[in-house]
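Participant: These protein sequences, in sequence, are chains A and B.
When you read off a place in the first sequence, starting at 1, and then add 149, the result is the number in our numbering.
Each step along the second sequence adds one to the number in our numbering, with nothing skipped, and position 24 is 22.
In case anyone wonders, no lab produced these hints; they're calculated from the structure.
A portion of the hints provided could be inaccurate.
Unchecked claim - Computed spacing ranges between beta-carbons, pair by pair: (1) A:Gly264 / B:Arg74: 57 to 65 Å; (2) A:Ala167 / B:Leu12: 42 to 50 Å; (3) A:Glu257 / B:Gly14: 17 to 25 Å.
Quick caveat, the model's predicted, so the values are computed rather than measured.
Using N, Cα and C, we set each Cβ at its ideal position, and we do this for glycine too.
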Amino acid sequence: MEDAASPGQSRTNLNEAALLARMQAGDDGAFEACVRTYCSRLLLVARRILRNDEDANDAVQDAFLSAFKGISQFKGQARLGTWLHRIVVNAALGRLRRLQRHPEKSVEDLLPHFGEGEHQIDPPVPWQATPETVMENRETRELVQRCISQLPENYRIVLLFRDIEGIATEETAEIIGTSTAVVKTRLHRARQALRSLLDPHFRRGNV
Amino acid sequence: MNCREFTEFLHEYLFGDLPADERAEFDKHLGECPWCVAYLDSYQKTIQLERAAFPAPEDAPLPADAPEELVQAILRARQRAS
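Work out the full structure, taking the sequences as your base and the hints as a guide.
Facilitator: So this is what it looks like as structure tokens:
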């Protein structure tokens, strides 16, 4: 039993490599097999971001079309499912941004700035208690989603992959094509920037 | 440690595997700086708010089949695009 995962894993890799080769050769049946294999999983990801079935369907469709368009360039450096995951997250985020029509902000402007004595120029004010009922109500969720959508794409994707989708640092780095150190730094800055955007809404006395 | 260093590396303090002497530097600063206490608290709440904003779908298991209408729509769109 202990060894069962290993042959299964290599079989999956083999099947994936075969599917990829057929798609790259333009085999219609392979494209259909790919959609049937990954559609449900990608739909869950898109629904999680967009919270609306129709928009999620559109994002998944956009993602597959974008993936198929670029299939000849895909060299199998990541798993096919991982690559599609990244594409659908991008498609869903792009759609979310268009729906919300909030321009991206510069991260530099949202990071803490320091003055004399290396203290923050705008000293942090405590946030008031945010019980689960406040965190999970619809208005709060929409506010946080709006603020996330204002982060530049490079930062937003890392935040979403790491904090929301729970993808490991190493895998995120692989998908984005960067180092784990960059992922860690970007995640920290994205959280700091998001904190700055949320700050006026959660400062003590403002909720 | 000053406030700039604290805010720059606080993710290491929260999630990293810091040696005890470095953790002690962060703890010491927190004991002296109410601003960084407030910053740390709001940073942690930011992460909680992110996660609450995108709750996991209630039914975690994957549906067995892809929605047929969507599959067909994607395949038709591919034919049109090619």
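Participant: Next, verify each hint and record whether it holds.
Facilitator: We went through each hint and held it up to the structure:
1. In this structure the hint that A:Gly264 and B:Arg74 lie 57 to 65 Å apart at CB holds, the actual value being about 60 Å.
2. At about 44 Å, the CB distance of A:Ala167 to B:Leu12 agrees with the hint of 42 to 50 Å.
3. Separated by about 24 Å at the C-beta atoms, A:Glu257 and B:Gly14 satisfy the suggested range of 17 to 25 Å.
Violation of the numbered hints given earlier is absent; every hint is satisfied by the structure.
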